[in-house]
Amino acid sequence: NAGVTQTPKFQVLKTGQSMTLQCAQDMNHNSMYWYRQDPGMGLRLIYYSASEGTTDKGEVPNGYNVSRLNKREFSLRLESAAPSQTSVYFCASSLNRAGETQYFGPGTRLLVL
Amino acid sequence: KQEVTQIPAALSVPEGENLVLNCSFTDSAIYNLQWFRQDPGKGLTSLLLIQSSQREQTSGRLNASLDKSSGRSTLYIAASQPGDSATYLCAVDSGNTPLVFGKGTRLSVIA
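Protein chains in written order, with this note's numbering: chain A, 1 to 113; chain B, 1 to 111.
Since the hints were derived computationally from the structure, they do not count as laboratory data. Beta carbons are placed, not taken as given, at the ideal position from N, Cα and C, and that holds for glycine. Mixed in with the good hints there might be a few duds.
[To be verified] In silico BS3-like cross-links for lysine-lysine, where the CA-CA straight-line distance does not exceed 25 Å:
id, chain 1, residue 1, chain 2, residue 2
1, B, Lys1, B, Lys103
2, B, Lys68, B, Lys103
3, B, Lys1, A, Lys57
4, A, Lys9, B, Lys42
5, A, Lys14, A, Lys71
6, A, Lys9, B, Lys1
7, B, Lys103, A, Lys57
8, B, Lys42, B, Lys1
9, B, Lys1, B, Lys68
10, A, Lys57, A, Lys71
11, A, Lys57, A, Lys9
[What the hints assert, rightly or not] Chain B stretches covered by chain A per the calculated footprint, using a threshold of three residues with CB under 8 Å from any CB of chain A:
id, region
12, 20-34
13, 45-54
14, 93-105
Model the full structure from these sequences, guided by the hints.
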């Protein structure tokens, strides 16, 4: 039982390049989330998917897109990376959207030059 | 808009001391409150979840309390150990919006 897995662990991009961060969970959870964590800013929600087939914007969605590929997988895409997107990205999942513990992946460290 | 504040931002204590971490929130209409631990370079690990109808939850040396009316929660750590050194975050679930996190308290327990 791996819980929440994320790939890659670390990535360096040049400004303007695109990439997709992958996330998968094996706990049969309905809801999945993408956060970014920056020094002094705390953890901020980018997008979430309350259930398979739905996605909603969080606090900081600009510059990102998401796809809930199936119940297990939720990807985050940066179409044209900017230095302001240098951050640590965390994926999380929970059984349902409200009232449940969230389980976090190990994070992806992204550096945009 | 829900705002979550954690004070202090950092705390250093000698091993064996009992300590309290504080979390306050602005909107008392919450579903639950969660405490997480984050080790350097790692993801978050859930410690305790307190439902809005509960006053406290305990797990081992950890005890979390919730006072909804005053918008406060505390995490009590008994007999602290160097292995407790980490950042502790609280997060509020208001039901109709996803979790709102505080910025965390960085705890160092000195042997």
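Run through the hints listed earlier and report the numbers of any the structure violates, in increasing order.
When the structure is compared with the hints, numbers 5, 6, 8 turn out to be violated.
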